[in-house]
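Given only the sequences and the hints, what does the whole structure look like? Please build it.
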Amino acid sequence: MSSIISARGLTKRYGRTIAVDNIDIDIPPGRIVGLIGPNGAGKTTALKAILGLATYDGELSVLGKNPSTQRAALMEEVCFIADVAVLPRWIRVHQLIEVTEKLHPGFSRERCMKYLGKTKVRLDHKVKQLSKGMVTLLHLAIVSAIDAKLLVLDEPTLGLDIIHRKDFHTRLLDDYLDEDRTILITTHQVEEVEHILTDLIFIKDGRIALESTMEDVQERFFSVEVEPDKISEARRLAPIYETRVRGGQHQFMYDGVDRDTLRNLGDTHIPRVADLFVAIMNGGES
Amino acid sequence: MPANWNDSQPIYWQLKERTVAMILDGTLAEGEALPSVRTVASEFQLNPITVSKSYQALVDDGLVEKRRGLGMFVCAGARSRLLESERTRFLEEEWPSMISRIEQLGLDPAGLLDAIKKKGN
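If you read the sequences in order, they're chains A and B. So that you can map any letter, position 58 of the first sequence is 58 in the numbering used here, and since no number is skipped, the others follow by simple counting. So that you can map any letter, position 55 of the second sequence is 55 in the numbering used here, and since no number is skipped, the others follow by simple counting.
Think of the hints as simulated: they come from the structure by calculation, not from any bench. Just so you know, these numbers come straight off a predicted model, no measurement behind them. C-beta atoms are modelled at their ideal positions from N, C-alpha and C, and glycine is treated no differently. Possibly wrong hints are sitting among the right ones.
Claimed, not checked - So the derived label-pair ranges between C-beta atoms look like this: (1) Arg-67/B to Gln-95/A: 44 to 50 Å; (2) Gly-9/A to Ala-33/B: 37 to 43 Å; (3) Glu-17/B to Ser-212/A: 48 to 54 Å; (4) Asp-174/A to Arg-89/B: 35 to 41 Å; (5) Gly-248/A to Glu-32/B: 46 to 52 Å.
Right under this line is the structure:
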């Protein structure tokens, strides 16, 4: 199958503000893509366009469909968890399951019950009786039980404690993921999902600052702790970012410079996604 | 339980090295099945593609074989071949630098060998 999501020149304007500025995206099936950017960078706007929740300019194809004109058909194959709690507080879990069963042709009650069995959520609970973490796991159980090709998660673990965040990621890998399912996830807690992700998209001021597989990232970017006497040599190799760390050392980040060359300067590391993010967001301006 | 990955090698490589260590010390016996990609992905909170890539690297090295519909298994002879290559690596890479260190410190090789023999008893 070709791309799950394909965008060409995707643009979204709010009046004079350009929230998403002429971006191209290609997401093949089976990938777990992190869409990462600072607040206001255009992440949620891009997701809204992909889900057919907002108008846009440019070409956009999601599961081979046009989100703005074929939204109903698209929704049969896409699941979405928004960053806001959208489950009604008064509803009981069994009522929620009944409603979803009637609304969504791809929903499997059996699978949902299996997933819920791994959580502390009970059928007679009302949503308002559940902690935020439990509501998120309930939401994920329902969404995972829908036979969807694409799952879109907008800050799914926002406001959860670390135990529930870990639980959420485990459930996501256990229950939702199989080979042809695709996940698009936005998050600020990059360090917790970086090993789950297969691909990174950094978005900055409405534009793509980086689109790469994690594999390529680990072979392309290196950070080096440079001793003071080698700083000018390090600068000549065109680092994308330079920062001063404790003990008078300088840390440099490089894109596409051979690792053996960098080893002459100091200890080389594969940067964490969070550090790479800071480097790419802040680099290019100095 | 996430493992303590270091930042000097890609994760798939480190996962491969872990599996190699398990074959070497016999935790994973020859003919034994490797845990499924899904199990490893979930246990270590890694994406399945990383786990698959690490398993593929083991296949490429002839240490692990894929049996259709059954999963991955440690090849017959994998441990002895690993031992062989580890021995070669030791003799070619580690031993020469140890020899120069022994010479540098003026240690008596015969005395060192005696210490090894005593430890063996």
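Which constraints among the numbered hints does this structure fail? Numbers only, ascending. Numbers 2, 3 - these are the hints that the structure violates, sorted from lowest upward.
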